[in-house]
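Enquirer: Next come the chains, spelled out residue by residue.
4 protein chains.
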Amino acid sequence: MINTTSRRKIEHLKLCAESPVEARGVNAGFEDVTLIHRALPELNMDELDLSVDFLGKGMQAPFLIASITGGHPDTLPVNAALAAAAEELGVGIGVGSQRAAIDDPAQEDSFRVVRDKAPGAFVYGNVGAAQIRQYGVEGVEKLIEMIDADALAIHLNFLQEAIQPEGDRDATGCLDMIAEICSVLKTPVIVKETGAGVSREDAILLHKAGVSAIDVGGVGGTSWAGVEVYRAKESKDSVSERLGELFWDFGIPTVASLIESRVSLPLIATGGVRTGLDIAKSLALGASAASAALPFVGPSLEGRESVVKVLSRMLDEFRAAMFLCGCANIKALHNSPVVV
Amino acid sequence: MINTTSRRKIEHLKLCAESPVEARGVNAGFEDVTLIHRALPELNMDELDLSVDFLGKGMQAPFLIASITGGHPDTLPVNAALAAAAEELGVGIGVGSQRAAIDDPAQEDSFRVVRDKAPGAFVYGNVGAAQIRQYGVEGVEKLIEMIDADALAIHLNFLQEAIQPEGDRDATGCLDMIAEICSVLKTPVIVKETGAGVSREDAILLHKAGVSAIDVGGVGGTSWAGVEVYRAKESKDSVSERLGELFWDFGIPTVASLIESRVSLPLIATGGVRTGLDIAKSLALGASAASAALPFVGPSLEGRESVVKVLSRMLDEFRAAMFLCGCANIKALHNSPVVV
Amino acid sequence: MINTTSRRKIEHLKLCAESPVEARGVNAGFEDVTLIHRALPELNMDELDLSVDFLGKGMQAPFLIASITGGHPDTLPVNAALAAAAEELGVGIGVGSQRAAIDDPAQEDSFRVVRDKAPGAFVYGNVGAAQIRQYGVEGVEKLIEMIDADALAIHLNFLQEAIQPEGDRDATGCLDMIAEICSVLKTPVIVKETGAGVSREDAILLHKAGVSAIDVGGVGGTSWAGVEVYRAKESKDSVSERLGELFWDFGIPTVASLIESRVSLPLIATGGVRTGLDIAKSLALGASAASAALPFVGPSLEGRESVVKVLSRMLDEFRAAMFLCGCANIKALHNSPVVV
Amino acid sequence: MINTTSRRKIEHLKLCAESPVEARGVNAGFEDVTLIHRALPELNMDELDLSVDFLGKGMQAPFLIASITGGHPDTLPVNAALAAAAEELGVGIGVGSQRAAIDDPAQEDSFRVVRDKAPGAFVYGNVGAAQIRQYGVEGVEKLIEMIDADALAIHLNFLQEAIQPEGDRDATGCLDMIAEICSVLKTPVIVKETGAGVSREDAILLHKAGVSAIDVGGVGGTSWAGVEVYRAKESKDSVSERLGELFWDFGIPTVASLIESRVSLPLIATGGVRTGLDIAKSLALGASAASAALPFVGPSLEGRESVVKVLSRMLDEFRAAMFLCGCANIKALHNSPVVV
Ligand SMILES: Cc1cc2nc3c(=O)[nH]c(=O)nc-3n(C[C@H](O)[C@H](O)[C@H](O)COP(=O)(O)O)c2cc1C
Ligand SMILES: Cc1cc2nc3c(=O)[nH]c(=O)nc-3n(C[C@H](O)[C@H](O)[C@H](O)COP(=O)(O)O)c2cc1C
Ligand SMILES: Cc1cc2nc3c(=O)[nH]c(=O)nc-3n(C[C@H](O)[C@H](O)[C@H](O)COP(=O)(O)O)c2cc1C
Ligand SMILES: Cc1cc2nc3c(=O)[nH]c(=O)nc-3n(C[C@H](O)[C@H](O)[C@H](O)COP(=O)(O)O)c2cc1C
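From first to last, the protein sequence lines stand for chains A, B, C and D. Under the numbering used here, the first residue of the first sequence is numbered 9, with each subsequent residue one higher. Under the numbering used here, the first residue of the second sequence is numbered 9, with each subsequent residue one higher. Under the numbering used here, the first residue of the third sequence is numbered 9, with each subsequent residue one higher. Under the numbering used here, the first residue of the fourth sequence is numbered 9, with each subsequent residue one higher.
Next comes chain A alone, as it looks inside the complex (with noise of 0.2 Å):
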């Protein structure tokens, strides 16, 4: 049995490898803002500083891959290649939602890989709002030790489940599961928006609650809207196919949440990030970091190297639009003016 959903599994990575499931009508808002060129940067960009210490733990340069994947046997080698690829290029990364561990430890395997391939990056574990109601702090607590987490990323999805049929569509008591997650816990919390942003309240009531930082994942970039309009297509199951098509772009675009979730809270910017110039930007914007997840599903299901292609492409990318603005450090980069 394992086989067939493993396999199901892998599909589903393939589907967003190859299929268009961003965002179609409304894009993340980085066209939107503009870094301040300088002619005379008066540095040399070969030594450029671009480590940054997140939630503790030093970074070489402020980017995550985001929570993609694990769970199925199949997904180890994938994992394994996008932490290996972080861990050579010294940037973070996320596991995928941990719950079938939970509902099966013979799955364990294919997240702690992940540690085990980037012993000296910042990882950070997932588990669903709706599920924390559910395994409660000791739960929680089986997860971060699962990989040896740096941070515990608790995700946001409830545009996701009102659209599929079978979709849990009861998101009660989540805040508060996650203030106490946060009083308990010694690991920082991450609350993380997949895709549909996070609004000022939302913001100020994660701070309210004792998160350690806010990942906006804003519209822009993948959609779940948009990835539930294919597996509706596939089951014929034209109500969820139309919701779908008609929620593809609905929430707060990845810029407009970074500037509406300043609650004086370290912010990831995910959702659409697919440049180092749209690294430069969130950062110029106010995020802590960037992270993206679908330039690095294609790469990951061919192996470590192809992760590192891209990974270092976008590096490359955000070092050179560092040295054009002047920016020694991420300091200067916080402090560099940008126009919306």
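It is worth saying that the hints were derived from the structure and are not from the lab. Take these hints with a grain of salt, some might be off.
A pair holds if it fits inside one copy or across any two, identical chains being indistinguishable in the list.
[To be verified] Derived EDC-like pairs (lysine to aspartate or glutamate); straight-line CA-CA distance at most 16 Å:
1. K317 with E249
2. K317 with E96
3. K317 with D245
4. K216 with D184
5. K339 with E209
6. K194 with E153
7. K244 with E174
8. K194 with E149
9. K194 with E146
10. K65 with E249
11. K150 with D111
12. K22 with D324
Keep in mind the model is a prediction, meaning the values are calculated, not measured.
Use these hints to put chains B, C and D with the ligands onto chain A, whose structure you have.
Expert: Just chains B, C and D with the ligands now, kept in the frame of chain A:
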């Protein structure tokens, strides 16, 4: 003879169902309205309360099937289908202009079927502003009794009259007659534009005239100038055709008219309402309810089930929108922020 | 010889009638002007009063056929057709530049026919600003007598002169001569741009010079730089062709010019006026009248009936616009709100 | 060996002449600048005074052929053609980077020809900001003597350096060296961006460093990142190719840079200046002169006459623009209003 005109009436419905009769260069404005996504809705989507009280009567959702037809034997099954669907899903419904039943009482059945099939629904009657000058208060009372109406809609369509070669272009005295009817009638009076929108000045005049609600009927959906273009083409009347082309998009878009018409009267948002997102946006902008005609025209020719399908889809979309905006009930939606 | 040049004159009219000579990348601005729909006009459309008094003479509608032609035998029937239509519908009419009749008195008939066919209409004469320096007040008086003109239009077309290889590029002394003519002449003087618009500064200077009215002749309709492109192509003059291309849309759009030129003088809105909606918008923006040339060029080659057809259509559209904006007369239209 | 590199140099000119190397998604901004048409210019177009004094030398029009080439025998006729045209029409001219002549004195002739063919023109030398650190003041003085230059342009092109695999990415110390050169040199120093624009902050630093003029060299014309894309494609360097694609339009558009750089220094508007209207707009926005390179590249390969033709066209267009804006001389143009 009835057979010929009846067939024409049905053919008219088919025209609206099959040809592009909507505004072309302008839209209703819903695209410019953004609802704010709540990543943490803290609600159970299956327990949202969509019910409203509208002009003294309860509805299970703030939506109405707008005035469409009646007045010929062939329209009876059409109205039956619409009414049965409205009853099933607990929304309101209007009948088409009752003029034909005044001219020929034999046609009353095609209107009465609405109340028969929707005994519990909010049902409104319909008469043109030009006609009320003729019928007087008593004539109007008959229309209400005919379908045991919960309200009477007096429709305004001078744009169409100005384009039709046979149109009634005398618009004098309508306002006084509206005021008289409002002062005498016990049943609430809705004044209803049919696709060119209500301006602030008209809304103020209607408020003073004592109407109970305004249906803004703005530009963005069915264009009556557009419908006249098709009619003129068929009768090779090139003058009306050009006039219809020029005024196809004339008037105030629905969203603009909603904002203009805020004069402390209940508002119905009509004109280009096509999805549950549009309903949600209308209510967030201050409307008490939304309504639509065109999306139901085609299905109504097929029967109750087809109408139920479209109506259910719109209400499901509306429910998802409320959930994702963190609104437990209609009052919360009214207070929900929007970006225009 | 006359036959050749006459034929050229007619060919010139044909060029304007058949080739795209209008502004390309810019429009007159009417699309950005919105009239406010009145759902309850409280008027009888068949009893609207469109009449105006313009520079001391009554017109049945605030519209004129702008200066087009004259000066060659073949233009006589063209002017006859235009004039008869103007007379029939009670609008004003201008003649083309009367220079040819000064150079050769035999050509006077082609201008005189306008007054012959339009004995009751507001008729205006036409002369270039460059010519008046030569003709002096007396020369100009002859032009007025020639057609018993109600006003004299002095046209400005230095954009065209700057592009034509043979153009008169000396624009000095025009303003003084205009002032002198205004101070001596009994007949009202209109200063009339021909497609590049009048700026605020020019409007102020013209006001001081004592002119009776300004025809803003803005960008958005016939482009004289554009017409020169065709001429240059034919004569294989690539320098003028490129110059014409570059300046095709140069100048101030009609609507912008109308707003700029408000200096308490009667304004005529010309340049891209194509429909009765444009006329209504012009008047709502403050113009005393609107005029157009291009829409009548093709019909004038066919005869009176064709001109009447186009003119009637525009006036019918204008009447519908007034009705739907709740304006009983031109004064009401002047006071009617617009959104720009 | 010279034959090979020379041919490459010419091939490089051909690349710029034949392939689309300009900004793609952004323009220089001239489309957003509107000159105000004067219907009554009150000028004689044949008597306009276009002459200016630029950095102490007279020019017959405020325009320069920007730095293009030199440094190989095959570029000598190219520079000869450009210089002869500049001399004929009385505009300024710059030479390409003189580095090649420092490396190999045999190449000096290809630069000297500019002064030979343009004895009366404003001629400026050219050196990279990275090179001056090496050459020192004395080296730089030699460059000036080489062509008896009226000014020396120090060019900034760190965007290109950041993209070239072999690029010089050390930008430190340039500003100090510029300041030193300015304090010692008698000849005026122009600091010249080459297509990514000068920001306000850089303009202020350059002002403090004592430069005599700034050439803003903004986005909108030739893109050096774009040129690198072609080079990378040929050498199958996909990393540089993608980097070049991403930064193709990076930087500050010419018009924005002109406005940003107003620091009471003479400004040259370069980058996408293509017509005489662009020159007029540049001056109305405050530039002391405009310049362009790309429009002359193709013609310079054909010879003097072709360059004269393009240059004459631009100056004719400029003259027409001044006439139609009522500007008798350059001072009037500087004071002329523009709408941005
Ligand atoms: C194939 C795939 C699987 C994902 N799985 C998870 C997940 O399990 N948990 C999670 O929090 N986010 C998950 N995400 C969301 C991403 O972490 C990220 O928030 C989102 O894709 C937006 O970023 P992008 O536009 O760069 O893809 C997944 C994304 C993709 C493409
Ligand atoms: C086929 C058809 C017939 C209609 N007949 C009437 C009518 O008799 N009375 C009326 O007030 N409105 C009538 N309407 C107008 C609608 O009630 C509604 O105001 C208008 O169509 C705009 O809504 P929509 O864009 O959703 O179609 C009719 C609309 C359609 C499409
Ligand atoms: C064929 C043709 C000939 C014209 N001749 C004259 C003329 O002699 N004198 C003049 O003042 N304007 C002349 N005009 C300009 C028009 O009067 C008018 O100002 C201009 O065409 C803009 O209006 P439109 O866009 O409606 O064509 C002519 C226009 C056309 C199309
Ligand atoms: C073929 C070519 C060679 C150039 N070489 C130089 C150079 O050596 N030094 C320099 O300062 N600028 C050089 N430039 C840049 C131009 O001087 C100018 O700043 C830039 O091309 C933008 O202007 P444009 O859009 O009119 O081409 C060169 C441009 C071109 C097209």
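Enquirer: Against each hint, give a clear statement of whether it holds in the structure.
Expert: Here's how the hints hold up against the structure:
When the C-alpha separation of K317 and E249 is checked against a cutoff of 16 Å, the pair qualifies only between copies, where the shortest distance is 14 Å, while the shortest distance within a copy is 35 Å. Taking the shortest Cα distances, K317 and E96 sit within 16 Å of each other inside one copy (11 Å), while across copies they are farther apart (54 Å). Taking the shortest Cα distances, K317 and D245 sit within 16 Å of each other only across copies (13 Å), while inside one copy they are farther apart (39 Å). For the homomeric pair K216 and D184, the shortest alpha-carbon distance inside one copy (11 Å) is at most 16 Å, but the shortest distance between copies (50 Å) is not.
For the identical chains of this complex, K339 and E209 are neighbours neither inside a copy (28 Å) nor across copies (18 Å), given an alpha-carbon limit of 16 Å. When the C-alpha separation of K194 and E153 is checked against a cutoff of 16 Å, the pair qualifies only within one copy, where the shortest distance is 12 Å, while the shortest distance between copies is 71 Å. For the homomeric pair K244 and E174, the shortest alpha-carbon distance inside one copy (15 Å) is at most 16 Å, but the shortest distance between copies (49 Å) is not. Taking the shortest Cα distances, K194 and E149 sit within 16 Å of each other inside one copy (9 Å), while across copies they are farther apart (66 Å).
Taking CA atoms no more than 16 Å apart as the test, K194 paired with E146 passes inside one copy only; the shortest distance there is 12 Å, against 64 Å between copies. For the identical chains of this complex, K65 and E249 are neighbours neither inside a copy (43 Å) nor across copies (34 Å), given an alpha-carbon limit of 16 Å. Within a single copy, K150 and D111 get their C-alpha atoms as close as 13 Å, which meets the 16 Å cut-off; across copies the closest is 67 Å, which misses it. In this assembly of identical chains, K22 and D324 lie within 16 Å of each other by CA distance neither inside one copy nor across copies; the values are 27 Å within and 30 Å between.
The earlier numbered hints that this structure contradicts are 5, 10 and 12.
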